[in-house]
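**Student:** For the record, the sequence lines run as chains R and U. Its first residue numbered 1, the first sequence is counted upward by one per residue in this note's numbering. Its first residue numbered 1, the second sequence is counted upward by one per residue in this note's numbering.
If you are wondering where the hints come from, they were derived from the structure by calculation, not from laboratory data. Just so you know, even glycine gets a beta-carbon here, dropped at the ideal spot from N, CA and C. There's no promise every hint is true.
Derived coverage of chain R by chain U (criterion: at least 3 residues anywhere in the stretch with Cβ under 8 Å from a Cβ of chain U; other residues may be distant) [said to hold, decoys possible]:
hint	stretch
1	340-353
2	367-375
Which bits of chain R does chain U cover? Going by a derived footprint, with three or more residues having C-beta under 8 Å, they are [stated by the list, open to error]:
hint	stretch
3	221-232
4	303-314
5	322-332
6	386-396
7	409-420
8	432-439
The calculated DSSO-like cross-link candidates involving lysine-lysine, where the alpha carbons are at most 30 Å apart (straight line), are [claimed, not checked]:
hint	chain 1	residue 1	chain 2	residue 2
9	U	K23	R	K187
10	R	K187	U	K123
11	U	K390	R	K2
12	R	K359	U	K281
13	R	K363	R	K167
14	U	K391	R	K7
15	U	K391	R	K2
16	R	K400	U	K10
17	U	K43	R	K8
18	U	K391	R	K8
19	R	K293	U	K10
20	R	K405	R	K8
21	U	K123	U	K10
22	U	K394	R	K2
23	U	K390	R	K296
24	R	K88	U	K43
25	R	K187	R	K232
26	R	K39	R	K88
27	R	K405	U	K10
28	U	K390	R	K400
29	R	K449	U	K390
30	U	K394	R	K146
31	R	K187	R	K107
32	R	K409	R	K232
33	R	K405	U	K43
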Amino acid sequence: MKTIKLKKGLNIEISGKASLHVASMSQPETVAIVPDDFKGITPKVAVKEGDTVKAGSVLFFDKTHPELKIVSPVSGTVAEVARGERRKLLYISVKRDIETTYEQFNKVDLNAKREEILSALLEAGFGGFFRQRPYDVIANPTVAPKAIFVSAFDSAPLAPDYNFVLKGQASHVQAGLSVLAKLTEGKVYYSVCPGTSAELRNMKDVEINEFVGAHPAGNVGVQINHLNPINKGEVVWTLNIQDVALIGRFTTTGVVNLTKTIAVAGPEVIEPAYVKTVYGTSIAAITNCNITKGVKVRYINGDVLSGAQVAETGVLSPFANLVSVIAEGDTADEFIGWAMPRLNKFSNSNLFATKIIRKLFPKKQFEFDARILGGERAFIMSGELEQVFPMDIMPEQLLKAMITKNLDKMEQLGAYEVAPEDFGLCEFVCTSKMELQKIVRESLDYMKKELE
Amino acid sequence: MKFLKNIVDKLEPTFSEGGKLSKLHSVFDGFSTFLFVPNHTAKSGAHIHDAIDSKRTMITVVLALVPALLFGMWNVGYQHFLAIGQDANFWEQFAFGLLAVLPTLVVSYAVGLGIEFIVAQIKGHEIQEGFLVTGFLIPLIVPVDTPLWMIAVATAFAVIFAKEVFGGTGYNIFNVALITRAFLFFAYPTAMSGDQVWVRTRDAFWWGAGEPINAFSGATPLGQLATSTEPVAAFHNIMGDPIGFWDGFLGLIPGSVGETSTLAILLGAALLIITNVASWKTMLSVFLGGAFMGFVFNTWGPDSAIANLPWYNHLVLGGFAFGAVFMATDPVTSARTETGKWIYGFLIGVMAIVIRVLNPGYPEGMMLAILLMNIFGCLIDYFVVQSNIKKRLKRTTIK
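Using the sequences and the hints, build the whole thing.
**Tutor:** Next up, the structure:
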């Protein structure tokens with residue numbers, strides 16, 4: 001086991017971290033699966049309105065790789081196949097039965113060939129959980145990855161505590177990791193942090209490394225860059241640890257039970273806690289009136305740095321293990337903000353007293369809302385993004401190559417190794433308030449289109 | 001502040017598209033964001049943002065320039081009354097300097113911000129704060145006697161041709177304030193060099209008039225050294241009394257308004273370094289480069305007055321310290337990689353001293369050294385970036 005100490009990074013303390021208990025939650029009548037959540041998939045619908053489905057039945061599959069299937073997390077009847085402009089598939093909603101019935105699959109035999117194990121996972125819809133780099137899209141099942149990366153911790157603000165979430169599920173995680181080990185010729189890299197519980201540390205069939213440092217230490221992108229960076233032509237897969245546990249559960253039981261433990265957190269959540277639910281569940285049901293009244297809030301699928309905004313009527317993304325709720329703040333007016341001390345504001349720069357305040361009053365809570373707190377400019381300050389980007393990649397130069405759509409430069413500067421989420425903190429600290437993750441996302445799409 | 005906010009909200013429709021004064025939209029926008037932090041929220045990507053913005057950053061640089069400006073004003077008055085042989089107390093000296101310098105500041109801001117507002121309106125983007133700093137720098141790097149119309153012409157030239165044509169703040173290759181100075185330097189050399197321009201001997205707003213006394217000579221120390229026929233590195237003040245390192249450090253010498261006091265500049269430098277707005281690496285390496293080259297000339301240089309000037313004196317005379325702290329560190333025109341900053345700064349220091357010592361035409365080399373390195377900043381970055389690219393390529397070939 002290697003210990004990798006990261007000096008760069010930033011922990012942003014936001015109030016409303018989920019307390020370590022699972023709150024009860026009434027599961028809503030319908031769930032809706034949004035194909036857009038599965039980045040890179042072109043959906044072909046496999047069901048009609050009125051069809052009965054079980055948990056694990058295919059709802060839609062990918063046009064280019066039909067073996068890549070997305071399944072229903074609940075059993076019931078297909079209520080609506082909603083299409084938008086040019087018949088784009090918006091979502092498929094399923095009206096849930098009172099008792100969930102499960103599609104039966106064969107248990108996965110770990111001694112089987114790679115192809116058999118892979119097709120068993122794809123058949124049960126787990127292909128949709130693997131993401132690949134380059135391009136940060138759903139993994140192409142026909143290309144074997146050189147390695148698979150799983151992070152046992154999340155360092156983002158308000159991130160769920162996997163020690164708690166996966167308590168008692170170490171056997172599932174282990175089973176999942178053992179399956180992953182069969183899917184790659186190379187290694188499965190499993191990264192832990194000093195806070196990872198002993199239960200989650202003792203895993204076999206994987207290479208365990210420890211990352212010490214502030215966010216983004218828990219991002220797989222950073223771990224990949226330090227452990228086994230991606231070169232041109234190479235592919236790695238990444239998977240969230242809770243999804244690994246889901247796979248483990250599937251391989252030992254033969255049923256697709258996609259129930260996950262989700263943190264509901266943020267300054268505007270009255271009692272931040274965890275809930276058990278499946279993807280596709282409406283945000284309203286998950287937050288369940290547990291939100292400060294009278295404040296215009298923003299719901300986020302994922303963490304506040306790299307998650308996606310979602311309406312209250314929207315649904316939980318399959319990749320979210322956290323729903324963050326913060327104030328929108330668009331009615332706040334701060335008088336001559338450029339001159340005021342603004343002690344309640346958080347800043348990584350020394351233009352605010354944040355660092356001193358954090359030293360003197362470690363429990364101090366800063367105010368956060370969704371304002372960008374400035375005007376958008378071109379890159380002015382230098383050396384700023386580098387402070388929170390612990391990878392052997394030059395973020396500013398890479399971003400400039402992306403802005404100018406210079407494919408050669410992007411390739412040379414490491415665009416294959418990054419995902420938008422790696423730039424979450426960069427976007428946070430950027431004085432020029434540029435939409436860095438959008439730039440990265442669009443550039444990765446552009447690269448994929450041009451180079452594949 | 002509710003009251004102000006109400007006014008802003010009430011005026012907004014008038015200035016928005018379709019409103020009566022929509023042609024002044026960018027001006028309105030500039031003022032309203034100046035009064036209130038804009039409250040638009042993140043549309044993509046990170047949902048929370050650092051409280052830092054370019055307004056606060058630029059204002060910090062302006063604050064850092066204040067000690068140099070205040071000292072410069074006082075020094076203008078001090079040199080003036082010294083030259084005309086009148087006694088004046090501290091406040092009279094300062095008031096004279098204020099009256100002499102303020103018009104330059106007003107002209108530079110009026111012209112520069114005017115152009116900035118117009119361009120912002122044409123391009124439909126927000127007013128950028130970069131000129132807040134540039135406009136403050138310009139009066140500090142010109143001689144006090146520079147005619148206002150020259151300042152106006154040079155500022156307009158620099159803002160349009162060194163900044164706006166490249167795309168505005170963040171895209172310029174050259175430091176805009178230094179282009180202003182370079183324009184003045186080459187277009188109106190008599191107003192920018194020699195021994196007549198550094199000390200105001202005439203009045204300021206009809207006040208403090210007088211005739212320079214006989215012993216008066218208005219050349220700067222570097223000017224004296226450049227024209228000196230003896231290989232002795234001695235310089236004197238405007239009354240002919242010999243002065244040395246500490247006079248240069250404190251700034252009791254003639255020169256461009258803000259550049260004389262190294263002490264006042266270092267106060268600004270401290271603020272910039274504490275707030276991390278400017279790179280200490282660049283600043284330090286400029287001084288290191290200057291000290292190194294000064295030392296080289298002391299040891300092996302030609303036998304001239306300026307080459308014999310002890311290396312530490314180079315650092316406190318002329319625009320060296322001002323350039324190192326406020327010009328070389330301009331993040332847009334400087335090298336942007338961390339390694340690059342060391343090389344960039346060091347070479348500025350070296351070049352400034354080389355120009356001072358080896359070029360008989362220009363007593364001061366800081367402006368030209370920085371402008372030269374502005375060009376090479378990108379090249380230095382290119383090599384630093386290239387090393388990262390090579391490392392990545394090597395990774396593939398090893399396997």
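**Student:** Taking the hints in turn, state whether each one holds.
**Tutor:** Against the structure, the hints come out as follows:
1. 340-353: holds (count 9)
2. 367-375: It holds: at least three residues are needed, and the stretch 367-375 of chain R offers 8 whose Cβ sits within less than 8 Å of chain U.
3. 221-232: holds (count 3)
4. 303-314: With 5 residues closer than 8 Å to chain U, the stretch 303-314 of chain R meets the three-residue bar; holds.
5. 322-332: holds (count 7)
6. 386-396: holds (count 5)
7. 409-420: holds (count 4)
8. 432-439: Holds: 6 residues of the stretch 432-439 of chain R have a Cβ under 8 Å from chain U.
9. K23(U) x K187(R): The hint is violated at about 62 Å.
10. K187(R) x K123(U): Violated. K187(R) to K123(U) sits at ~53 Å, over the 30 Å cutoff.
11. K390(U) x K2(R): Answer holds: K390(U) to K2(R) is near 26 Å, not above 30 Å.
12. K359(R) x K281(U): holds, 26 Å
13. K363(R) x K167(R): Roughly 27 Å between the alpha carbons, so the hint for K363(R) and K167(R) holds.
14. K391(U) x K7(R): holds, 21 Å
15. K391(U) x K2(R): holds, 22 Å
16. K400(R) x K10(U): Roughly 40 Å between the alpha carbons, so the hint for K400(R) and K10(U) is violated.
17. K43(U) x K8(R): Holds. K43(U) to K8(R) sits at ~27 Å (cutoff 30 Å).
18. K391(U) x K8(R): Roughly 20 Å separates the two Cα atoms, so the pair holds.
19. K293(R) x K10(U): holds, 29 Å
20. K405(R) x K8(R): holds, 28 Å
21. K123(U) x K10(U): Measuring from Cα to Cα gives roughly 25 Å; hence the hint holds.
22. K394(U) x K2(R): holds, 23 Å
23. K390(U) x K296(R): The hint is violated at about 50 Å.
24. K88(R) x K43(U): Distance ~23 Å between K88(R) and K43(U) Cα, so the pair holds.
25. K187(R) x K232(R): holds, 18 Å
26. K39(R) x K88(R): Given that 30 Å is the threshold and the Cα spacing comes to 14 Å, the pair holds.
27. K405(R) x K10(U): violated, 42 Å
28. K390(U) x K400(R): Roughly 18 Å between the alpha carbons, so the hint for K390(U) and K400(R) holds.
29. K449(R) x K390(U): Holds: K449(R) and K390(U) sit about 26 Å apart, inside 30 Å.
30. K394(U) x K146(R): Satisfied, since the Cα-Cα distance of roughly 18 Å is no more than 30 Å.
31. K187(R) x K107(R): holds, 23 Å
32. K409(R) x K232(R): Answer holds: K409(R) to K232(R) is near 13 Å, not above 30 Å.
33. K405(R) x K43(U): holds, 22 Å
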